[in-house]
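Make the full structure from the sequences, and use the hints.
So the sequences go chain by chain: B and A. Read in numbering that gives the first Met the number 0, the first sequence has 261 at position 262, and its numbers run on one by one without any break. Read in numbering that gives the first Met the number 0, the second sequence has 189 at position 190, and its numbers run on one by one without any break.
Be aware that a few hints might be false.
[To be verified] In silico PhoX-like pairs for lysine-lysine, Cα to Cα no more than 20 Å straight-line:
hint	chain 1	residue 1	chain 2	residue 2
1	B	K566	B	K538
2	B	K477	A	K153
3	B	K149	B	K114
4	A	K167	A	K213
5	B	K228	B	K448
6	A	K167	A	K183
7	B	K109	B	K149
8	B	K157	A	K249
9	A	K183	B	K477
10	B	K149	B	K118
11	B	K201	B	K149
12	A	K187	B	K34
13	A	K169	B	K29
14	A	K183	B	K29
15	A	K259	B	K29
16	A	K258	A	K268
17	B	K477	A	K167
18	B	K221	B	K252
19	B	K502	B	K526
20	A	K249	A	K259
21	B	K34	A	K183
22	A	K188	B	K34
23	A	K158	A	K169
24	B	K221	B	K201
25	B	K34	B	K477
26	A	K183	A	K153
27	A	K158	B	K477
28	B	K157	B	K109
29	A	K169	B	K477
Note that these hints are calculated values from the structure, not bench results.
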Amino acid sequence: MFINKLSIFIFSTFLSFSVFSIEYSPAVNKNYPDKLLWGDTHLHTNESADAWSIGNPNLTPSDAFRFARGEEVTSESGVRAKLRVPLDFLMVSDHATYLGVFKRIKAGDKNLIEKPLGKRWKNYMDNDDPRLFTEFVEGLNGNQEVSFNKEIYVPIWKEITENVDRFNQPGIFTAFIGYEWTAMPTGDNLHRVVIFKDDAKKAQEIIPFSALDSDKPEELWKFLENYNKKTGGEAISISHNSNISGGRMFPLKNSYGEAIDRAYADMRNRWEPLVEATQVKGDSETHPAISPDDPFADYETWEGNIGRSETDRLERLSNTGDCASSENYKCYRYKKSEIDRYLGSYVRPALRRGLEIQKKIGVNPFKFGIIGSSDNHTALAASAEDNFFGKFIDSEPGPGRMSNCMAGCDRPDGDGQGDLWRNWLITASGYAAVWARENTREEIFDAMKRKETYATTGPRMAVRFFGGWNFSKEDSYKPNFVEIGYTNGVPMGSDLGPRERGKSPGFLVMVSKDPNGANIERIQIIKGWVDSYGRSKEKIYDIAISEDAGENTVDVENATYLNSIGKAYISTFWEDPDFNPNISAFYYVRALEIPTPRWTTYDSAVFGIDVPSYVPKTHQERAYTSSIWYNP
Amino acid sequence: MKKKIVVIIGLIIGLSVLALSTIQPISDINEDVIIINNENLEIFYFNNLDPENPYNQDFSILSDKQINQLKKDFIQREVLVREAKRLGLDKIDSIISARLAQLGQQALVGESINIDSIRLSEINDFFEINKSQYIEPETISFSHIFFDTEEQAKSYLLKLEKVADIKKLKNLINTGGIVFPYQKNYSKKPFSFVVGHFGEIGAQNIFSLQKDIKNWQGPIRSSLGYHLINVFNKTSMKQMALDDILSEVKRDYYDQLRKKDTKVIISNKILEYQIIDETKVN
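Right, here's the structure in full:
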């Protein structure tokens, strides 16, 4: 009897191991991100002091969320606005400096107008007194005398965060709590957005850390660390507009003038895993001055911070032909003595610089992932070329927007001194793409931390990028491409696993066009590495290219193009032919669309206006992925 | 006599000046005169500052050279503005008038309504009137297999139709086609979601299919390629219940109240104006 029972037990145990060690349901073991989610983590509304005062007194964070999830909203200038396809997530990131203050003072909020500063500002507002601006600027520069006690922000932050929770619908639409830390020492842009994984209740345990608290990013990261310790919650920072940081976004020294060390590198990597590489104030991937062999480097680049701190650092290359106009900003460059500033201002040289520093101190301080976002101050996350609602009210759709000056400045002396840029320069860009398991705060935030993200300049191109040692060309055709990618390799944002003897790294790349946009012209892998002397290098490989690459179907007059060239879908494999196992390297994908009309060309057709000759008529929009790194 | 004549002449001159000043406003007489004083120069200076420029100086410490440059800029701006006004350009520029209208509205309308004072019965009434705004859209649930070409999709459909064994069929479904950048399975997705993955044509084609759990349909075309589709479910548009969306409806009602309030304030202001309508349209 006992023997019988024992044999049944052994048999059933064997059966369960043999049958159920292979799962029946294919979804059971599928534990990799299969959802491509689109969003914007950088948008301003009337809670931002500058947006409010430059012409957006009405559109609220609620309007921003409604617009992002696909509803129609009327812009400040009265134009009806709607996204062609809704976004999956949004973070409204109003400036922490004077967060919500202007709007509430104007409305007569007693908490504010009974304070001496609030009373004074109300008076300025009622009398249209320009000192409101001066003191606002002083605040941005960290003048503590023009600041409120932190306590006034408690009810404001409460109201803002609870409103965000109202729009968060797990599985459908994710609304993130966040804000912008707007530091600009000596006018150089060190701005970061701060994104919270948590809900209002947890986020309310702190008050946003602003540039009035400190203009040093190290202090912001300490604040994020303390938030984590205090609440168990989590928040990270994402830098933006490195292109106008005067070389200070990716520095060789920390904010105290000391050489970057391991502690700095660890701290930066922990609390700032992402960089916003493209947005309305230009593209920060790279610049022709530092990537002279890259024919696609000059994409929406800005020549430093024209009109702000950098006029003395720039020189005009020419004043004839197209450069006769001082408003052709492409005719300026950093002076030779300032040329190193490019290196600290762009993403690709920063990735290279990271490897150089790693060789010296053992840690790479610039091991970041990539996203794009808008930085619009209109409450409208609209970054498509033919559905672009600009930066401020002065660049909302209308016949005059191209020649308006950003933020309303317009000095008539015509020599470019002291002007902010004309709006033709601004870029209809960009969006953040995230590979996640679900559309929830937790999943998207985790994807951001592991850098499984990429940027596009507006189009919703899908990009998969895996690196490994055992991929083959056949893998790129297989329907389980993604499963192979995760099983035999690593996704974008990761380190390659241990090298297998005698092998070079191989990469699986899949790019498909924006389902409602233009075809793909080419896929490139950008590689950076350091040689044995510690000097970094870069090389661009065309790994897939349409046979008609270089053709342009754009009809400039009517602002149309044809998808008769390029490809809708490309899946491919590439192995590094120049691999040296003894040196560190990074690889990232850049995918280019076929030429399409720039937003200014669409404007020309819609409003019947002329575009200055020096403004590009067509361009090639693109996606940049986070890197995959190799370390010997 | 002489005295009388002088007084009369003086009176005539005085009355003429008075009459002329009534006919032609002082401001118009002064349109060709540009007065520069510290007050208007300071306002001009601040209005043209970049608010984020840390090098901004206080007006009171500007050097003589800077003040002189500022004066030149001020004069040039004034001349251009006046010329533009003289030509009536301020009245035909849509951006200027839109911005002025916006500033006017902002000045007239404040935060006049308290959201917390809204009663449930008001929300109920609002919801009943605006029910049509709170409708869940039509959705579709489906799986698909993605192909480069229509021929590949057609021949794969033949394969699927021939297989009766469920295990084999499942294997064929999982290993067919090429990798699609988005999802393989879609559950209860509205058109606005599907269009983001399949393009306009693809979404229309998918939504035109009927529910059919047993059979694969297609191929249908999307903007990325061709698809075989298995439609599990379709739901029609559905009315949402107030309890599920109470806070959203409350907010919408609040927004509507604000808009109405704004309208009333502006309408009252309009009553203060005399409107002369010279069109022939009633």
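Right, here's what the structure says about each hint:
Between K566(B) and K538(B) the alpha-carbon distance is near 24 Å, which puts this suggested pair outside the 20 Å criterion. Note on K477(B) and K153(A): the hinted pairing holds, with a Cα-Cα distance of about 18 Å set against a maximum of 20 Å. For the hint linking K149(B) to K114(B), the alpha-carbon distance of about 12 Å falls within 20 Å, and the restraint holds. Proposed proximity of K167(A) and K213(A) is supported: the alpha carbons are some 15 Å apart, at most 20 Å.
Of the supplied pair hints, the one linking K228(B) and K448(B) holds, its CA atoms being roughly 18 Å apart against a limit of 20 Å. About 18 Å separates the Cα atoms of K167(A) and K183(A), which keeps this hinted pair within 20 Å; it holds. Restraint check for K109(B) and K149(B): the C-alpha separation of about 16 Å stays at or below 20 Å, so the hint holds. For the hint linking K157(B) to K249(A), the alpha-carbon distance of about 19 Å falls within 20 Å, and the restraint holds.
Pair hint K183(A) plus K477(B) holds up; C-alpha atoms about 14 Å apart against a cutoff of 20 Å. Restraint check: the Cα-Cα separation between K149(B) and K118(B) comes to about 17 Å, which is no more than 20 Å; the hinted pair holds. Between K201(B) and K149(B), the direct Cα distance comes to roughly 18 Å. Compliance with the 20 Å bound is thereby established for this hinted pair. At roughly 15 Å between alpha-carbon atoms, K187(A) and K34(B) fall within 20 Å of each other, so this suggested pair holds.
A distance of roughly 16 Å separates the Cα atoms of K169(A) and K29(B); the hinted pair therefore holds under the 20 Å criterion. For the suggested pair K183(A) and K29(B), the alpha carbons sit about 13 Å apart, so the restraint of at most 20 Å is met. Proximity of K259(A) to K29(B) is assessed by CA-CA distance (about 53 Å); at most 20 Å being required, the pair is judged violated. Distance hint between K258(A) and K268(A) is fulfilled; the C-alpha atoms sit about 15 Å from each other, no more than 20 Å.
In summary, the hint linking K477(B) to K167(A) is supported, as the alpha carbons are separated by about 18 Å, within the 20 Å threshold. For the suggested pair K221(B) and K252(B), the alpha carbons sit about 18 Å apart, so the restraint of at most 20 Å is met. For the given pair, K502(B) sits about 17 Å from K526(B) by alpha-carbon distance, which is consistent with the 20 Å threshold. Between the alpha carbons of K249(A) and K259(A) the distance comes to roughly 15 Å, so the proposed pair stays at or under 20 Å and holds.
With a CA separation close to 10 Å, the supplied pair K34(B) and K183(A) stays within the 20 Å bound. With a CA separation close to 14 Å, the supplied pair K188(A) and K34(B) stays within the 20 Å bound. Simply put, K158(A) and K169(A) have alpha-carbon atoms about 12 Å apart, close enough for the 20 Å limit, and the pair holds. In summary, the hint linking K221(B) to K201(B) is supported, as the alpha carbons are separated by about 18 Å, within the 20 Å threshold.
With a C-alpha separation of about 19 Å, the suggested pair K34(B) and K477(B) falls inside the 20 Å cut-off, and the hint holds. The straight-line distance between the Cα atoms of K183(A) and K153(A) is roughly 18 Å, inside the 20 Å bound, and the hint therefore holds. Taking the CA atoms of K158(A) and K477(B), the gap is near 18 Å; set against the 20 Å cutoff, the hint holds. About 16 Å separates the Cα atoms of K157(B) and K109(B), which keeps this hinted pair within 20 Å; it holds.
Proposed proximity of K169(A) and K477(B) is supported: the alpha carbons are some 16 Å apart, at most 20 Å.
In summary, the structure is inconsistent with hints 1, 15 from the numbered list given earlier, while agreeing with the others.
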